[in-house]
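Novice: Listed here are the chains, written in short residue letters.
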Amino acid sequence: MNELIEDSILIKVRDVHFSRGSKLIFDGVDMDIQRGKVTAIMGPSGTGKTTLLKIIGGQLRPSQGSVEVDGSNIHAIRHKELYQLRKKMGMLFQSGALLTDITVFDNVAFPLREHTNLPESMIRSLVLMKLQAVGLRGAFNLMPSELSGGMARRVALARAISLDPMMIMYDEPFTGQDPISMGVLVQLIRLLNDALSLTSIVVSHDVRETCAIADFVYLVSDGKVVGSGTPEELAESDSEWAQQFLLGMPDGPVPFHYSAKPYVQDLIEH
Amino acid sequence: MLNYFQRLGASTLSVLERLGRASIFFANILLSIPSVLIRPRLLFSQMYSVGVLSFSLIVISGLFVGMVLALQGFYTLSDFGAEGMLGVMVAASLVRELGPVVAALLFAGRAGSALTAEIGLMKATEQLSGMEMMAVDPVARIVAPRFLAGLISMPILATIFSAVGIMGGYFIGVGLLGIDEGGYWSQMQAKIDFNIDIINGLIKSVVFGWVVTWIAVFEGHDAIPTSDGVSRATTRTVVHSAFAILALDFILTALMFGDI
Ligand SMILES: Nc1ncnc2c1ncn2[C@@H]1O[C@H](COP(=O)(O)OP(=O)(O)OP(=O)(O)O)[C@@H](O)[C@H]1O
Ligand SMILES: [Mg+2]
Numbered sequence: 029m030n031e032l033i034e035d036s037i038l039i040k041v042r043d044v045h046f047s048r049g050s051k052l053i054f055d056g057v058d059m060d061i062q063r064g065k066v067t068a069i070m071g072p073s074g075t076g077k078t079t080l081l082k083i084i085g086g087q088l089r090p091s092q093g094s095v096e097v098d099g100s101n102i103h104a105i106r107h108k109e110l111y112q113l114r115k116k117m118g119m120l121f122q123s124g125a126l127l128t129d130i131t132v133f134d135n136v137a138f139p140l141r142e143h144t145n146l147p148e149s150m151i152r153s154l155v156l157m158k159l160q161a162v163g164l165r166g167a168f169n170l171m172p173s174e175l176s177g178g179m180a181r182r183v184a185l186a187r188a189i190s191l192d193p194m195m196i197m198y199d200e201p202f203t204g205q206d207p208i209s210m211g212v213l214v215q216l217i218r219l220l221n222d223a224l225s226l227t228s229i230v231v232s233h234d235v236r237e238t239c240a241i242a243d244f245v246y247l248v249s250d251g252k253v254v255g256s257g258t259p260e261e262l263a264e265s266d267s268e269w270a271q272q273f274l275l276g277m278p279d280g281p282v283p284f285h286y287s288a289k290p291y292v293q294d295l296i297e298h
Numbered sequence: 066m067l068n069y070f071q072r073l074g075a076s077t078l079s080v081l082e083r084l085g086r087a088s089i090f091f092a093n094i095l096l097s098i099p100s101v102l103i104r105p106r107l108l109f110s111q112m113y114s115v116g117v118l119s120f121s122l123i124v125i126s127g128l129f130v131g132m133v134l135a136l137q138g139f140y141t142l143s144d145f146g147a148e149g150m151l152g153v154m155v156a157a158s159l160v161r162e163l164g165p166v167v168a169a170l171l172f173a174g175r176a177g178s179a180l181t182a183e184i185g186l187m188k189a190t191e192q193l194s195g196m197e198m199m200a201v202d203p204v205a206r207i208v209a210p211r212f213l214a215g216l217i218s219m220p221i222l223a224t225i226f227s228a229v230g231i232m233g234g235y236f237i238g239v240g241l242l243g244i245d246e247g248g249y250w251s252q253m254q255a256k257i258d259f260n261i262d263i264i265n266g267l268i269k270s271v272v273f274g275w276v277v278t279w280i281a282v283f284e285g286h287d288a289i290p291t292s293d294g295v296s297r298a299t300t301r302t303v304v305h306s307a308f309a310i311l312a313l314d315f316i317l318t319a320l321m322f323g324d325i
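Chains A and B, in that order, are what the protein sequence lines are.
Going by the numbering used here, the first residue of the first sequence is number 29, and it counts up by one from there.
Going by the numbering used here, the first residue of the second sequence is number 66, and it counts up by one from there.
Bear in mind the hints are in silico, worked out from the structure with no lab data behind them.
All of these numbers come straight from a predicted model, not from anything done at the bench.
Every residue, glycine too, gets a C-beta built ideally from N, C-alpha and C.
Incorrect hints may have been included.
[Stated by the list, open to error] Pair by pair, the computed Cβ-Cβ distance ranges are:
id, chain 1, residue 1, chain 2, residue 2, range
1, B, N93, A, E142, 43 to 51 Å
2, B, A312, A, S153, 52 to 60 Å
3, A, S153, B, L96, 17 to 25 Å
4, A, E261, B, I289, 39 to 47 Å
5, B, D293, A, H143, 32 to 40 Å
6, B, N93, A, A240, 43 to 51 Å
7, A, E142, B, D293, 52 to 60 Å
8, A, G204, B, F236, 56 to 64 Å
[Said to hold, decoys possible] Selected chain A positions facing chain B (in silico; Cβ < 8 Å):
id, residue
9, G56
10, S91
11, L127
12, H233
13, R236
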């Protein structure tokens with residue numbers, strides 16, 4: 029990766045350590061997110077993928093190490109600059125995180141109304157375009173409580189692109205999607221990335237779908253990056269981590285169980 | 066024994082730590098108030114849900130409290146042949162004490178708990194996080210307008226409470242118990258002092274409005290983001306508000322009326 033010029037890297041994650049209470053979640057993570065590419069971050073449930081996105085977004089602060097986004101250290105800049113930078117960072121939350129007291133239309137319009145002085149007619153056109161892109165223009169009038177989980181996530185995607193950001197972080201965009209909308213979403217992520225020259229980070233468990241659109245993949249487990257490369261490189265690598273995760277095998281270096289004392293001991297203790 | 070002191074120390078520390086966080090939070094709210102004032106639409110819609118929706122509760126309660134005051138006061142005053150003072154007694158009790166205190170207690174139960182639950186649920190469903198990532202500061206967009214709305218609504222509600230209570234006293238005293246109508250009003254006008262009674266009552270209601278709304282928005286923003294966490298936070302808002310109102314009422318009363 030050394031041959032790439034520095035500038036082509038949008039996000040540099042360097043030696044990031046992070047703990048929740050006494051539980052160490054990251055133990056020195058390094059990543060480079062290339063500009064204009066789709067980078068996937070995969071790993072077992074509970075390894076801290078959501079946490080990593082929140083660290084990149086400046087919502088959580090690592091205990092050690094740094095994250096540089098577009099040339100600025102996100103945890104060292106001032107509050108104002110952080111907010112300026114966030115206007116250029118879209119994020120799709122795992123839960124959608126739609127505002128529940130306003131309609132789908134108003135949710136997508138929310139960032140536009142907060143950050144621009146566009147006339148209402150222009151906002152309307154923009155919002156309808158974004159909703160059209162995710163196939164939910166007809167749902168503009170619904171309240172978030174009237175959406176299914178998958179629909180809510182697509183509305184959240186429309187909202188995340190409403191300010192035309194330079195990058196989008198997708199947290200589990202595929203969960204809860206039926207095969208058709210899943211296929212559409214997969215294509216959409218790739219399409220948006222290329223058409224708007226975005227940079228995308230996709231966090232997902234869906235190995236096949238994600239590998240189909242990712243330019244580069246990081247495998248995270250146990251607080252560390254345990255594998256990285258293009259999907260092809262990973263598929264061919266003989267790393268046990270990569271093989272177990274990509275093929276979905278229950279046994280291997282990634283334990284299925286949350287760390288615990290021995291099962292038998294736990295059962296006989298009482 | 067050592068254990069006891071240890072626990073006492075730990076809980077004192079955690080209370081102090083919470084107070085510290087609440088104070089920083091309050092400072093952040095103050096810093097965001099200018100941004101609310103340039104967008105008053107947010108403030109108005111919050112004044113509707115915080116203030117206007119408490120209106121009927123305040124009116125009905127005020128009416129009953131005034132009527133009870135008149136009934137109780139009449140039997141005591143008539144022992145001394147002082148029924149003519151009924152208007153003064155009702156008005157003074159309401160304006161100085163019951164108006165601000167009871168309205169604030171009701172306000173904490175009606176609006177404070179709703180504020181905590183709303184903000185807590187927004188946190189639990191990641192709406193606040195989502196807003197942060199859209200570069201919208203939740204303290205400025207969500208918390209500050211609600212805080213300001215509470216601060217403004219409370220004195221108005223307390224004033225309405227007292228006014229309606231005085232009317233309730235009038236219905237009972239003049240209408241039911243037959244005391245002199247002119248006396249009810251004129252004694253009240255003569256004896257209730259604008260500075261001592263009305264201004265001090267208003268100051269109380271402003272202080273109560275501040276403390277209740279502060280507790281409510283802080284508890285919501287600080288809630289553990291689960292349904293259990295939000296329900297505990299809501300309970301804490303009501304309980305802590307009640308304590309704060311009664312304790313502050315004692316302090317303010319001692320300061321305002323202690324030497325009269
Ligand atoms: N608010 C919190 N307080 C304490 N621990 C937390 C909190 N949020 C997450 N954790 C812990 O941090 C770890 C990482 O959580 P995170 O949500 O980042 O996982 P994830 O990789 O996104 O998982 P999934 O794929 O299931 O979404 C988990 O083990 C969880 O127990
Ligand atoms: Mg997650």
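Novice: None of the hints should be skipped; say for each whether it holds.
Specialist: Status of each hint after checking the structure:
Hint check: N93 of chain B to E142 of chain A, Cβ distance near 18 Å, so the stated range 43 to 51 Å is violated. The hinted range of 52 to 60 Å is satisfied by A312 of chain B and S153 of chain A, whose Cβ atoms lie roughly 56 Å apart. The hinted window of 17 to 25 Å between S153 of chain A and L96 of chain B is violated, with their beta carbons roughly 36 Å apart. Between E261 of chain A and I289 of chain B, the C-beta spacing of about 43 Å keeps the proposed range 39 to 47 Å intact.
About 35 Å separates the C-beta atoms of D293 of chain B and H143 of chain A, a value consistent with the hinted range of 32 to 40 Å. Range check, N93 of chain B to A240 of chain A: about 45 Å between beta-carbon atoms, so the 43 to 51 Å window is met. In this structure, E142 of chain A and D293 of chain B break the distance hint of 52 to 60 Å, their C-beta atoms being roughly 32 Å apart. One distance hint, 56 to 64 Å for the beta-carbon pair G204 of chain A and F236 of chain B, holds here, with the actual separation near 60 Å.
The beta carbon of G56 of chain A comes no nearer than 25 Å to any beta carbon in chain B, farther than 8 Å, and the hint placing it at the interface is violated. A hinted interface residue such as S91 of chain A counts as satisfied when its beta carbon comes closer than 8 Å to some beta carbon of chain B; here the least separation is about 20 Å, so the hint is violated. Proximity of L127 of chain A to chain B holds as hinted, the smallest CB-CB distance being about 6 Å (cut-off 8 Å). About 19 Å separates the beta-carbon of H233 of chain A from the nearest beta-carbon of chain B, more than 8 Å, and the hint is not met.
Hint status for R236 of chain A relative to chain B: violated, with the closest Cβ pair at about 28 Å, above 8 Å.
Hint check: violations occur at hints 1, 3, 7, 9, 10, 12, 13; the rest are consistent with the structure.
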